[in-house]
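Put together the whole structure using the sequences plus the hints.
Going down the list, the protein sequences come from chains A and B.
For the first sequence, position 69 (counting from the first letter as 1) is numbered 68 according to numbering that gives the first Met the number 0, and the numbering increases by one without interruption.
For the second sequence, position 36 (counting from the first letter as 1) is numbered 35 according to numbering that gives the first Met the number 0, and the numbering increases by one without interruption.
Keep in mind that the hints were calculated from the coordinates and are not lab data.
Using 30 Å as the maximum straight-line C-alpha spacing, the simulated DSS-like pairs for lysine-lysine come out as follows:
| # | chain 1 | residue 1 | chain 2 | residue 2 |
| --- | --- | --- | --- | --- |
| 1 | A | Lys6 | B | Lys176 |
| 2 | B | Lys164 | B | Lys94 |
| 3 | A | Lys6 | B | Lys164 |
| 4 | B | Lys175 | A | Lys6 |
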Amino acid sequence: MDTPPSKPSWSALVERARAESAPDVDVRAALRQQILSEGAFHRSAPVSPGILDEILALARGLRGRSSIAALTLSVMAFGWLMSDALGEINLLVQLETQLLAGL
Amino acid sequence: MSELPPGEATDLALVQAAQAGDLDAFDQLVMTHQATISAVLFRFSSQRADLEDLVQETFIRAWRGLATWQPDKPFIHWLKRIAVRVGLEFFRKHKRSPMSRLAADGHDHLTALSCESPAPANDEAAQLLSHLPPDQRTILTLLHLDEMPLAEIAGHLGISLANAKIKAFRARRSLKKILSRHGYSSF
Chain A
0 MDTPPSKPSW SALVERARAE SAPDVDVRAA LRQQILSEGA FHRSAPVSPG
50 ILDEILALAR GLRGRSSIAA LTLSVMAFGW LMSDALGEIN LLVQLETQLL
100 AGL
Chain B
0 MSELPPGEAT DLALVQAAQA GDLDAFDQLV MTHQATISAV LFRFSSQRAD
50 LEDLVQETFI RAWRGLATWQ PDKPFIHWLK RIAVRVGLEF FRKHKRSPMS
100 RLAADGHDHL TALSCESPAP ANDEAAQLLS HLPPDQRTIL TLLHLDEMPL
150 AEIAGHLGIS LANAKIKAFR ARRSLKKILS RHGYSSF
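Take a look at the structure:
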């Protein structure tokens, strides 16, 4: 007498697998925490207008002394803004334009 | 907008509110769709901790990319597309299924399947599929376990239907060899 195969066919296995369903998962609390923790990255996150003024004031202070220093400041400002307000591209463009105009 | 079915019109309103920074609106979107997304990602990992991470990652990417959703297509399709990509990345990072990892750690394979898994058949199938390359594994996981149409899979993976058919054909051919090597009868 033949021994029945110990392992199912692929189709039988798949059929059993399909009958198994996902457990109830609720990620809302964890999501809210994560979103709030990286709120600065959201496109609608506010960035203080004062920041731009301060950077421009620094750049104006350097005007006429060293364009290299102003460029360095510009690059630093770029890096800082990118890390703190990734979505604020318009603000960044505005800052870069004004810095370059100030050189 | 009035031509949209009620559910999609609600999604649109909630997405617009979420884009304006309304977290409660995003909560509502998550509550509406997380069961569907869990069901897809469950096929990538039935382990609760992994599953929760995958679902969370899907919605975080959705939150970050809300502006890229095109309202002419249902929001859930866009979410599923993100989920499939999150799943594919998971497969790329974890070349073997959780059960295989247990076996590699010295656990007895069958004991692990029967005692430690909430979904033994899903995991047994996932373990066999884990011998395939990640893209083929993703296609057969969605095609066989989730019963997702191949055209939809192709859309989610950003490949043509013809390409998906070729990959599915190759995947089935490889799976036959894997099944035979592990003592399973074929399709």
